Amino acid sequence: MKNYIFSQFKIGFLSLLFFTILTGLIYPLLMTGLAQLLFSIQANGSFIINHQNTVGSEFIGQYFSDPKYFWGRPSATSPYSYNALASSGSNLGPTNPALISAVKTEIEKLHAANPDNSDPIPIELLTQSGSGLDPHISYEAAQYQASRIAKIRNVPLNHIKQLIEKMIEKRQFGFLGEPRINVLKLNLALDEEV
Amino acid sequence: MTENSIIQVLFYLTVLLLLVKPLGLYMAWIYEGQPCFVDRVLKPIERTIYRLCFIKPEQEMNWKEYSIAMLVFSLLGTLAVYAIQRFQVFLPLNSEHFAAVPLDLSFNTAVSFITNTNWQAYTGESTLSYFTQMTALTVQNFLSAASGMSVLIALIRGIQRRETTDLGNFWVDTVRGIIYILIPLAIVLALLLVSQGVIQNFKGYQKAKLMQKVEYQEPMTDNTGQAIKDTAGNPITQAKVLTEQVIPMGPVASQVAIKQLGTNGGGFFNANSAHPFENPTPFSNFLEMLAIMLIPAALCYTFGVMVKDKSQGWAIFLAMLLIFLPLMFLTLCAEHRVNPEIIKISDAQILQKNGNMEGKETRFGALNSALWAAATTATANGSVNAMHDSFLPLGGLIPLWFINLGEVIFGGVGSGLYQMLIFIIITVFVSGLMVGRTPEYLGKKIESYEIKMASFAILIMPLVVLLCTAVGLITEVGKSSIANPGAHGLSEVLYAFSSMTNNNGSAFAGINANTLFYNILGGFAILIGRFWIAIPVLAIAGSLVQKKIVPSSAGTLPTNTPLFIGILISIVLIIGALTFFPAFALGPIVEQLMIYGY
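Chains as they are written, first to last, in my numbering: chain A, 1 to 194; chain B, 195 to 792.
No lab work stands behind these hints: they were computed from the structure.
All of these numbers come straight from a predicted model, not from anything done at the bench.
There could be a bad hint or two in this list.
Calculated cross-link-like contacts (lysine-lysine; reagent style DSS-like; alpha-carbon spacing at most 30 angstroms) [to be verified]: (1) B:Lys250 <-> B:Lys742; (2) B:Lys250 <-> B:Lys237; (3) A:Lys185 <-> B:Lys504; (4) A:Lys2 <-> B:Lys434; (5) A:Lys185 <-> B:Lys397; (6) B:Lys547 <-> B:Lys258; (7) A:Lys68 <-> B:Lys397; (8) B:Lys538 <-> B:Lys502; (9) A:Lys185 <-> A:Lys170; (10) B:Lys646 <-> B:Lys742; (11) A:Lys185 <-> B:Lys403; (12) B:Lys397 <-> B:Lys434; (13) B:Lys407 <-> A:Lys104; (14) B:Lys646 <-> A:Lys109; (15) B:Lys250 <-> A:Lys170; (16) A:Lys10 <-> B:Lys742; (17) A:Lys185 <-> A:Lys104; (18) A:Lys185 <-> A:Lys166; (19) B:Lys504 <-> A:Lys151; (20) B:Lys237 <-> B:Lys504.
Computed far set for chain B versus chain A, every beta-carbon distance over 12 angstroms [said to hold, decoys possible]: (21) Met264; (22) Arg631; (23) Lys742.
Glycine included, C-beta positions come from ideal geometry on N, C-alpha and C.
Required output: the full structure, derived from the provided sequences and hints.
Structural data, given as structure tokens:
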């Protein structure tokens, strides 16, 4: 039995070494090679270049609090919103008073930025996303903010609404996921066109 | 639930169902060593491993030898993962200069990854170097999954073979599982994920110029890293202005692919598959969700092929599916509603059509988040694309219940089915008692030794979960980690120990799991939950394999009928419900009543 256990340790050690090299080095390197060859933009973070500046990744949300921009989802990352180095949700439970006060704060912010808007507020604008980096808002959440943007930028509301329509990302293949709007792209288009 | 929700759910289930048979058949070929169309490419690699590692593929093992090989491999794996984390400062590919991972966290992560649990007490993007992610975590994602499958295959051989002690060779089963099943699937999935936007590179963290500056208060720290506080005990902060966003990079797709396929679930990033770089689009979400269930579901068919009666495999599959569907449906319904506590806020009207979005991502919505939650907890995967802690009480109860059914509803790769086979042994035993006959399963008599071992395997899990939860709830060290007040706090502790003991790995993540108490006690719960079940399973295999096949007679209870499926489902649900109902009543059930009860 002793000999058997010893032999198993030898096999175990060698095969662990072998698989560390195969699945820990060769496999990720091979995938990186293939990924860089076939999908180099995606593999490197889908960065958006605007006037020679890297302004962000298509998939990593940014924090907007300026009323002239569309705002994204509230973010729970610390110490500041949309900290890409500390992805995290709020993890507030449904009966936690802190959840209710966080929602109230968001309602106040939205109302303060545009006191005339009495439309129902889309739930995405009041709740914190799972990653804290959600790059999207729903179509309704963009529509809700249109009147504020139009007022501050002093452009016709229709103009903003058309821009939103243009930026809508439909359900993938027509049925997967939810229709949505990329906040960073929308704001870039806003600065560009309005 | 809208029409589109139903279409998405049906599409998911249909694709899964279509893949069960081909993949199940393929896996049966691989484990039976039959010649196969991929041999030309993979056989040379397999032979090289045997030669280099002194593996004698023709050598058969009895159950004790098989167990020893598995334990040795796990022990060496633990040491390696532990050492790599502790020494990552001295190892390459540490572009962000992360320090050595603390002792208790390294221990927890090591045992959690070798047992296929992948509980995430670490924060990937700020703790682990690329080298650690690859050579410690990714490697164990393959190895722990493969060794779980090997134990299952040994048990199946115990049922299939007769009057021998040979259960196969652990090394051969594990090597073949990795080379022929996991690696090819992972390569395909990783590439598909990259095409959707999952990153795969070795760059340092990238900087992007923010469109709008971010002003914030940063807590000041002294040179030991402790927060400085003023005389009133409040932390002193300083105003900072941010003009750039630092975005983490890394070889993500290669790890995400195998973490989904191998029911591992430990993420590259803290937010796991809610992170846009792990799961950027609805299609990547679909693929990852499919990968969660794929192998565990297909193994039912593999079982049927290997015992030469496919209806037996389908019967198990059906039993699992019939438990999965209604519970999944409940979670979907719960999460399609907005939290009534939020609706009650009188300051504004709220547009409710998108359901409970706290902790969820816009691109997935309530539907895909709830569907994922059901899939990831029914199987022992444990990756998340939404924060379970912020689910409504019923929505969170179902994942917790799935985990505490013992991870048998598809379950972990290999481990799910071998634990379900233990429930089947209990079921034929109970049925046998009712008619007064010696119970048998697929021609093998089930006798007192098997029942003793099965009881061992079944009783240990609730015992560990409930005891550890109790300890967590009465000690200061346990309670201080709780994030949410009231009944929800109890759910957090219960979920943590349920998830660790059942080797799931998801969390009510508000709980601060990275403390000495949770890392160490949880680490032992993880180990017991894996090996205290796997070893009795191998013992049962060792006992069954020596028995004769009893020809079936008029008195034999057929195990592929609706009647049997019904009894099996009842036994699984009764054991799962009775043991945990009191604990659930104090947590999610109370909370549900608090919200909807008046």
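Against the structure, the hints come out as follows:
{"no.": "1", "hint": "B:Lys250 <-> B:Lys742", "in the structure": "28 angstroms, holds"}
{"no.": "2", "hint": "B:Lys250 <-> B:Lys237", "in the structure": "15 angstroms, holds"}
{"no.": "3", "hint": "A:Lys185 <-> B:Lys504", "in the structure": "52 angstroms, violated"}
{"no.": "4", "hint": "A:Lys2 <-> B:Lys434", "in the structure": "63 angstroms, violated"}
{"no.": "5", "hint": "A:Lys185 <-> B:Lys397", "in the structure": "24 angstroms, holds"}
{"no.": "6", "hint": "B:Lys547 <-> B:Lys258", "in the structure": "57 angstroms, violated"}
{"no.": "7", "hint": "A:Lys68 <-> B:Lys397", "in the structure": "34 angstroms, violated"}
{"no.": "8", "hint": "B:Lys538 <-> B:Lys502", "in the structure": "59 angstroms, violated"}
{"no.": "9", "hint": "A:Lys185 <-> A:Lys170", "in the structure": "15 angstroms, holds"}
{"no.": "10", "hint": "B:Lys646 <-> B:Lys742", "in the structure": "20 angstroms, holds"}
{"no.": "11", "hint": "A:Lys185 <-> B:Lys403", "in the structure": "14 angstroms, holds"}
{"no.": "12", "hint": "B:Lys397 <-> B:Lys434", "in the structure": "27 angstroms, holds"}
{"no.": "13", "hint": "B:Lys407 <-> A:Lys104", "in the structure": "24 angstroms, holds"}
{"no.": "14", "hint": "B:Lys646 <-> A:Lys109", "in the structure": "63 angstroms, violated"}
{"no.": "15", "hint": "B:Lys250 <-> A:Lys170", "in the structure": "56 angstroms, violated"}
{"no.": "16", "hint": "A:Lys10 <-> B:Lys742", "in the structure": "35 angstroms, violated"}
{"no.": "17", "hint": "A:Lys185 <-> A:Lys104", "in the structure": "28 angstroms, holds"}
{"no.": "18", "hint": "A:Lys185 <-> A:Lys166", "in the structure": "11 angstroms, holds"}
{"no.": "19", "hint": "B:Lys504 <-> A:Lys151", "in the structure": "68 angstroms, violated"}
{"no.": "20", "hint": "B:Lys237 <-> B:Lys504", "in the structure": "28 angstroms, holds"}
{"no.": "21", "hint": "Met264", "in the structure": "9 angstroms, violated"}
{"no.": "22", "hint": "Arg631", "in the structure": "39 angstroms, holds"}
{"no.": "23", "hint": "Lys742", "in the structure": "28 angstroms, holds"}
Of the hints listed earlier, those the structure fails to meet are numbers 3, 4, 6, 7, 8, 14, 15, 16, 19, 21, in rising order.
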